[in-house]
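Once you have looked at the hints, place chain R on chain G.
Going line by line, the protein sequences match chains G and R. Heads up, the first sequence stops at 329 in my numbering, and the numbers go up one at a time, no gaps. Heads up, the second sequence stops at 681 in my numbering, and the numbers go up one at a time, no gaps.
There's no promise every hint is true.
[As the list claims (entries may be wrong)] No more than 25 Å apart at the CA atoms, straight line, and that leaves these computed lysine to any residue pairs for SDA-like: (1) Lys-46/R x Arg-138/G; (2) Lys-174/G x Ser-271/R; (3) Lys-174/G x Gly-85/R; (4) Lys-471/R x Arg-138/G.
FYI, nobody ran anything at the bench for these hints, they're computed from the structure. Here the structure is a predicted model, which means the values were calculated and not measured.
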Amino acid sequence: MALYVLRRLALAIPLLFIVSILTFVMVALIPGDPAVRILGAGHTLAQYHALDRKLGLTQPILSQYWHWLDRLLHGSLGSSLFTQQSVGSEISQRLGVTLSLVVGSTLLSLIIGVALGIATAVRQGALGRVIDTLSWVGFAIPNFWLGLILIELLAVTAKLLPPSGYVPLGQSVGAWLKSLVLPVLTLSAVGATGVAKQTRDSLGDVMSSEFISALEIAGLPRRSVVLCHALRNAALPTVTTVGLFAVAMLGGTILVEQVFALPGLGSLAVQAASDHDLPVIEGVVLTFTLIVVVVNLVIDLSYAWLNPRVRLAA
Amino acid sequence: MSAIAPIEAEAVARGPEPPVPGPPSGRPGGMLRVLLRKPLGVVALIVLGGIVIACAAAPLLAPYGPDASSLGRELAGPGPQHLLGTDELGRDILSRLLYGGRPTLLAAAEATAIALLLGTLLGTVSGYRRGLADRAISLWSDVLLTMPVLVVLIVVVSVFPASLYPAMIPLGVMLSAPPTRVLRAVTLAVREELYIDAARVSGLSHAQIVLRHVLPRIRGAIVVQATLVGAVAVVMASGLAFLGFGVQVPAPSWGSMVAEAASYYQQQPWFLVPTGGAIALTVLSLGLLGDAVRDAGVEVWGGATTTPQRRTRPGAHLVALNKPHEPQRDPGRGGGALLVVSNLVAAVPGGESGELTLVDGISFELSAGRTLAIVGESGCGKSVTARAVLGAPPRGGWLAGSVRFGGLELIGASRGELQTVRGRRIAFIGQEPTASLDPTQSVGSGLAELVRLYSGCPRAKAKRRALELLEQVRINDPARVARLYPHQISGGMAQRVMIARALAGQPEVLVADEPTTALDVTVQADILALLRSLQLSTQIAILLVTHDWGVVAGMADEVLVMYAGQTVEQGPAEAVFHSPRHPYSDLLLRSNPYRAAPGMRLPAIPGTVPAPGRWPSGCRFAPRCPYALESCTAAPIPLLETAKGHYSRCVRIDALQAARAAEAPTTETTGGR
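The shape of chain G in the complex, shown without the other chains (with noise of 0.2 Å):
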């Protein structure tokens, strides 16, 4: 199993270098110049060209890059053109804030989901109809929309909860919680929907299989049928569908982080990709891709878990 870990990560490698390629190349292409901007009006020539050396601006595309990576393997992202800070540093005080929102949000859908799809498929009726339609409802709203829609319900007339702002989970375990509440909340209602109707559908396939019907005409009774059985066999699209909201999740931090002003990665993004910070926009990318990997991974670890022909296979 071990091995079969290093493998995957072993794979993600390359994928790694093509992004982190196809974003330099892209950045290369913006207009604006850095040394400009970080100069502003008012300054000589003489000035920008011994920034622009400085920022290494004037090598070619290429060689930029494979400083770039040279540092990278040397275990460094580089700083920002702007801040001067580590883009590692600032990569690691902001990780805490997205990883909180997209761990949250995914075992929110998952449950929420879960528990949704296995009452409608076990209940054949109307209200299965109601979750295919809820399910492209809860995609349709826009989460930047349903954030300010719950901030202005639950936040500004109920007062229930803060309506924007982090607090680090070392300073207060409750406080931490509840800055969470919103933003999860919002991420959640494409992930919760969209896992209700995957669950239904396959739990429904499955219930309909030779071993279902021998299980219960063996005497099981229905619920451990469904919940120790068929459940089991239905979750391998579910895990799917989850991983597949996970990142469609991790995107959509970069617009709920804006709404409630969350001092995460997307914020970050948002803000270097304004300033055309290389070295941050790089990091961003990379980092967001790695979360990406980690997902899919843990995705296939339980495919093998779940299902023992992928786990004797491997």
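Quick look at chain R alone, frame taken from chain G:
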């Protein structure tokens, strides 16, 4: 970000091989017509069409210009002058929404077009050519799916800050991954069809085959993907605008209007409603339209429908079934029988009258240590009868009549009552042993689960008992087999495991529904020998469903021959073998390969079993019967006792026996047990 999840989820839900959408002649008109019968689809189409047309015709329809502001009317709620209110500068929200829809929808359309073109091209090439191209394209899609879409878009938008359109190119490329995957799978399925081979043999080039034969078939799937990708693109385009990318103030766009509303929600919460609502309504109608198109495609092209048949209320049919059944001698009534089945009826919804009868008044009884075999061709209702004995109705259907077991009536019994009988007192083994085992559970753990359920004993003891059971069904090295999963064992082994599972509750009756049909001949003999020895040691009663006279000869004490849902002959095995009293039994025995003379043509019964709902009104076998007279079809034939304990539903027994007597030397049988 990958908001691609819903599209991908769709692909996951449909499995690796989506139903092939449509025969070569699938007409687009037919699909549109079916779509128009779906209310949700029609509503979605009207809403979407309305939004697109209204935005396109904004200069004509909008009551105000996009930038015209009425002073003193800032942040007004909805009213007669401004139907949707005004924004912070007193501009009409409705007008700005109409104008603002244009960049949003155009950008989404651009990304959708790119994604579909690319997805269709790569998907069909990948599915059609397979091989290296397929692998390269799959890898490419995997890379695309791992890209943080929104971050990439933000980078691109900062290159071209004035407009959303350049950013839609990479968005289109990244969104092409899900359609590529789905269309690849659909193409793979279409490619296997014969007419594609025919086209290839007739000399069409690959490009021609794809254009003329593959693309028309996958049209439906492309339309579904278009709605899904379009929905994602609208969300992405407005998300970028919300973040302030690709927007030129003061020109309106949906996303930037939500951002404006966000800044003023404390003064005027209403501002949020129409701005976000426009996005939500558009995406929702795209999504629902996609669902409706997919469902319409399934209907038109006759793919597997997933919607279950509508169930009629059980009450209604029970009244219908209580019509007086023919007054018949009841072979299922007697003293010490363990299991007494009388006048068993099973039906499912369907047909013209709303119900299809599958089993039509079967009666029999079974005592400890005895074996009753139910014989007949496929589709006679044997398996339905077998499951009914455990109180299990056919899928979506219902049961009537009576199954009495140890003082308990199983027809109409509650789930709880049935659970006290199923497995513990009556056990069942089916014809597909491998499919009957949970693929995610090891043999030993499944067996131990049942032992614990039936006896409530602790885990360790259940585990030991599971190994004993495996040994009892003559599995060598039970400890090793217990650790295996269903896909790792052979069919014969799986059937032994099923028998072990059946024995776990120490039942009094074993119902075996064609237990050897799916197995190799040599394994069949082993399984039957096992059942026989178990019967000797445990005195278990066996109800055996089979179409194999060899099995009957080896196992049965009594035989019940079923035809078209009815008993046509019933009696001691010996008697039925030596002197069958129904032409159907006679012909079945003659068509048995064990009895065929070498070199002779194996006689087969002409015709097929009529489907439920198409049963003739008189003798149901008459159309296939060599002895049939007109009187046979006039009225239902009763089941009568023709010799002691030997029943037949035939009025031409004399003719049958005369014919058999004439060819006496060949009527030798393989005998009873």
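Which earlier hints turn out false for this structure, listed by number in ascending order? Those not satisfied come down to hint 4.
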